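Peer 1: Following the hints, put chain B in place on chain A, whose structure we already have.
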Amino acid sequence: MIGIDIKGKSYGDQPVLGNVRLEIASGECVAVLGPSGIGKTTLLRIAAGLDTDFDGHVTRPERISMVFQEPTLLPWRSAGDNISLITGASDAAVEEALLRVGLDGKADRLPDQLSLGQRRRLSLARAFAAKPQFLVMDEPFASLDKGLANDMIALTLELLADASIATLLVTHSEHEASRLAGSVYLLHGQPANLAQTRLPSGLS
Amino acid sequence: MSSRKADPRVAGSIRTRLVSLGLLIMVWSVCAAVLADPETLPSPLEIGRLTLKELFSGPLLYNLGITLGRVVAAFVLAMAIGTAFGLLMGRRKSVDTWFDPWLLFFLNLPALVTIVLCYLWIGLTEVAAITAVAINKIPMVTVLIREGARTFDPALDDMSRIFRVPRLTRLRHIIVPQLAPFFAASARTGTALIWKIVLVVEFLGRSNGVGFQIHLYFQLFDVAMVLTYALSFIAVMLTIEFAVLQPWERRASRWRHA
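Protein chains in written order, with our numbering: chain A, 1 to 204; chain B, 1 to 258.
In short, the hints are calculated from the structure, not lab data. Since this is a predicted model, take the numbers as computed values, not measurements. We put the CB at the ideal spot given by N, CA and C, even for glycine. Treat the hints with caution; some may be incorrect.
To be verified - What the simulated footprint calls covered on chain A by chain B, stretch by stretch (three residues with Cβ under 8 Å from a Cβ of chain B suffice, anywhere in the stretch; the number is not a length):
hint: 1; region: 27–33
hint: 2; region: 66–77
To be verified - Under the rule of at most 25 Å between Cα atoms (straight-line distance), these lysine to any residue pairs were calculated in the SDA-like manner:
hint: 3; chain 1: B; residue 1: Lys93; chain 2: B; residue 2: His173
hint: 4; chain 1: A; residue 1: Lys106; chain 2: B; residue 2: Ser253
hint: 5; chain 1: B; residue 1: Lys93; chain 2: A; residue 2: Gly49
hint: 6; chain 1: B; residue 1: Lys93; chain 2: B; residue 2: Trp28
hint: 7; chain 1: A; residue 1: Lys106; chain 2: B; residue 2: Ala185
hint: 8; chain 1: A; residue 1: Lys106; chain 2: B; residue 2: Lys93
hint: 9; chain 1: B; residue 1: Lys93; chain 2: A; residue 2: Asp51
Claimed, not checked - Far from chain A, some chain B residues (derived; all Cβ distances over 12 Å):
hint: 10; residue: Ala33
hint: 11; residue: Val34
hint: 12; residue: Leu104
hint: 13; residue: Met159
hint: 14; residue: Ser160
hint: 15; residue: Val165
hint: 16; residue: His173
hint: 17; residue: Gln178
hint: 18; residue: Lys196
This is chain A alone, in the form it adopts within the complex (with noise of 0.2 Å):
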């Protein structure tokens, strides 16, 4: 169970975030949509432990991953190498994580030999094959196109449903939310809290 109990954020005098709680339980999907600039990425820095100076506290496991609004890749080592060395993954594990992304064969290609679509591809076979308890997920589908993102949500729904993982998804997209998420949250105000939403029918 991931906790997260934040009662107060803010850059020098600029108070970003309010009273913000959320629970995610293991095999949970949760969604957190705000327009841009409302401190939907501070949140998600909360979350994942990356910023550390804010009112309150965040119980998470030990195993974290990441899939970032950027591949965030190594571009002078090659695809394997980018899981190998940052998760760990034994060299099987490897071919494993890229089979399910659909990059087998590809292994040995720098990032920059990769499309756009087969770099966020690597990142999300990254991110699993940390074998995380918990994912957080920064618009991961940011910058891509409708197809390329229908595709990269049902891969990642694929993904997830192998895995009893807790997940955060940080987006500004109500389909990616109600695709991915079994719950759905709007950060508003400033400072930002949050309200659970209902999504438009037909998006959940």
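Peer 2: Same frame as chain A, but now just chain B:
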């Protein structure tokens, strides 16, 4: 599969450089012939003959080795300390604010002053010689590595923290590759600067090495021998530049051209 074909642009560049070098030797030959005074300006042929003579029956090889040893020792020391300071200053704003005035001071300290002070404080020893050279080079390495550390991708930092990448793996596979172009640049400018300072250090306070030999032949007004030792060491350093540093720099940045 990698292609082993030579890049025509590289081949063309090497050809141009060789022609340019040949032109320089030709200008030198013409000047020597016009001047017709071997004691003031000996011809390239004469220098070549003397170099071979000193190499096979004189102390050229021994002195080249001694100077090269000092260059390597000062280089390793300067790169290690400069890299550590550069990383610290590039990564920690407070350290940078504190030590930036020190860096400016040492960058503007003339090499000759450092050398003289080291000899006065430590004595005319090997330690003083190498310390003096390293002190001259450390600030330059620090500046370049600090610039490198400032350009680190923060997203890769976050990624390595999230995935709890072991410290050694992080250093070897995330930090060093980002630093490689800056490290290579400081290594190349470093060797060019260090060997010149080593010659001054030897000139002023050692009893062997190329700098000492130049000092000896300077006192004898022997231009030919001064040129023989100086050009031999230039040849050694150019060989290191083209055979070691440039290939290493190309290898370190190979992924950029993938």
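Peer 1: If we take the beta carbon of B:Gln178, is the closest beta carbon in chain A still more than 12 Å away?
Peer 2: Contrary to the label, B:Gln178 does not stay out of reach of chain A, its closest Cβ about 9 Å off (not over 12 Å).
Peer 1: B:Leu104: least C-beta distance to chain A exceeds 12 Å?
Peer 2: The claim holds: B:Leu104 sits with its nearest Cβ about 30 Å from chain A, beyond 12 Å.
Peer 1: Checking one constraint from the list: CA of B:Lys93 to CA of A:Asp51, max 25 Å. Satisfied?
Peer 2: Distance of about 18 Å is within 25 Å: holds.
Peer 1: Beyond 12 Å from chain A, beta-carbon-wise, is B:Ala33?
Peer 2: About 53 Å separates B:Ala33 from the closest Cβ of chain A, which puts it past 12 Å; holds.
Peer 1: Minimum Cβ separation between B:Met159 and chain A greater than 12 Å?
Peer 2: violated, 5 Å
Peer 1: Was B:Val34 rightly flagged as not at the interface, with every chain A Cβ beyond 12 Å?
Peer 2: holds, 54 Å
Peer 1: With a cut-off of 25 Å on the C-alpha distance, tell me whether A:Lys106 and B:Ser253 pass.
Peer 2: holds, 21 Å
Peer 1: Under the criterion that the straight-line Cα-Cα distance not exceed 25 Å, is the pair B:Lys93, B:Trp28 satisfied?
Peer 2: Outside the cut-off at roughly 52 Å; violated.
Peer 1: Between the alpha carbons of B:Lys93 and A:Gly49, is the straight-line distance 25 Å or under?
Peer 2: Status holds; Cα separation ~22 Å.
Peer 1: Take the C-alpha atoms of B:Lys93 and B:His173, compute the straight-line distance between them, and say whether it is at most 25 Å.
Peer 2: This hinted pair holds, its Cα atoms lying about 24 Å apart.
Peer 1: Does the region 66–77 of chain A contain three or more residues whose Cβ lies closer than 8 Å to a Cβ of chain B?
Peer 2: holds (count 8)
Peer 1: Hint check: A:Lys106 vs B:Lys93, CA-CA at most 25 Å. Holds or violated?
Peer 2: violated, 40 Å
Figure legend: structure checked against the earlier numbered hints; hints not met, in rising order: 1, 6, 7, 8, 13, 14, 15, 16, 17.
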